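With mature numbering (1 follows the signal peptide of the UniProt record, and there is no 0) as the guide, the letters of the sequence shown map in order to residues -16 to -1, 1 to 443.
Some hints could be false.
Using 27 Å as the maximum straight-line C-alpha spacing, the simulated DSS-like pairs for lysine-lysine come out as follows [as the list claims (entries may be wrong)]:
| no. | residue 1 | residue 2 |
| --- | --- | --- |
| 1 | K220 | K276 |
| 2 | K402 | K220 |
| 3 | K170 | K182 |
| 4 | K182 | K276 |
| 5 | K182 | K241 |
| 6 | K241 | K170 |
Hints in this document: simulated from the structure, not taken from any laboratory. Quick caveat, the model's predicted, so the values are computed rather than measured.
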Amino acid sequence: MGACMALCSLASCASCLCGSAPCLLCGCCPSSNNSTITRLVFSFFLLMGTMVSVIMILPGMETQLRKIPGFCEGGTTIPGLDNQVNCDVIVGYKSVYRMCFAMTCFFFLFSAIMIRVRTSRDPRAALQNGFWFFKFLILTGITVGAFFIPDGTFNSVWFYFGAVGSFIFILIQLILLIDFAHSWNKIWVENGEEGDNKGWFAALLFFTVLFFALAVTAVVLFYVYYTQPDDCTEHKVFISLNLIFCFIVSVVSILPKVQEAQPHSGLLQASIISLYTMYVTWSAMTNNPNRKCNPSLLSFMSNVSTTEPSSEDPGHVQWWDAQGIIGLIIFLFCTLYASIRSSSNTQVNKLMQTEETGRSGGEGVVGEDGVLRAVDNEEDGVTYSYSFFHFHLCLASLYIMMTLTNWYQPDTNTQAMKSSMPAVWVKICSSWLGLGLYLWTLIYPQSTAIISPHMQYQC
């Protein structure tokens, strides 16, 4: 609980950091643009909630809470104190569900409020870029209220909300990785061409070969550990199809017509997308309830099974298996990148509802009081859709919930957690649709966006 209080203190510091729009700057701010700082602070709220969820799902947390006299229901008591807190709810997967429910509601609320905000002159823009202390209080209030939700069918119903939201967020993660790969390739190619330094091209070649090698190695390991000669037909189909699809998009990325339309498109992007696809495939197979087709890689090293909750404590979930840790790392990277990204990739900007590079520059200005303040770079038009950004964080909250609980499905009758095929199909379908999106960015670089340009700042 002390760690939770420490996180609350950090949030209070964040609220002091940016009190109003345009927000004040300090040495820890990485940018002088109001739009970037706002996204970073909202992302900090999300990461803070993630840290609290991680703490409350740690093993032994309930045992430690029950040692506090008069705190937990049915725990140790002392004269004059009544046990008021249901410690079974504030720890384990139930606490993760409620914490992420609160964050989802918080970001969905702001997503609805910020619809059709087009410039910082809109009165609602001040709510977006300021009043951080009050927004922190709102998030805290929703969180406290969420822990009073009775079990009932809440856990089972919220699982399906999490599955659908995570499906969409996996696609957003892939779009962000596409954008990152395009920016990475463009910068290094330009550095190599301008400085006539072949080292940049050698470095690009090295990472491209490395990522493809890791993807191929993953395929081999999947066939070895996640398939059986007379079983696991679904896994064989998943692995084979994704291998074929990754090969197709890699070939398309270097076709002359594609290179002519997108000079900076190449195998580096394809290698990153292929490796990410293999991760999603692996993550999907780890949720197969067929234990014969779903070994735990950590169990090979420790001889201890970590794929299912133990029979002694069916509600306890160990989220720190290999695929869960990698998923959390990718999530942290994509969340930070989404907050600071400034891209010139047309198709990605259409999908993410952000403006191309142009308004993102700017230096902090010193006010009459001598304090360095952020530049309001959105007076003529917002650089990103406020509503879509919050919707993205809303989906991220659901993705974190599913990641920390290993995508296990709560059982209403036994209160246990179990693997389920819906989670498998959600991840596999997201990998297929994600590869389709990447192929679309290659083949139709100048096509009409899924969301039309004139709606870009209205959504």
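| task | Find the hints from earlier in the document that the structure breaks and name them by number, from lowest to highest. | result | 4
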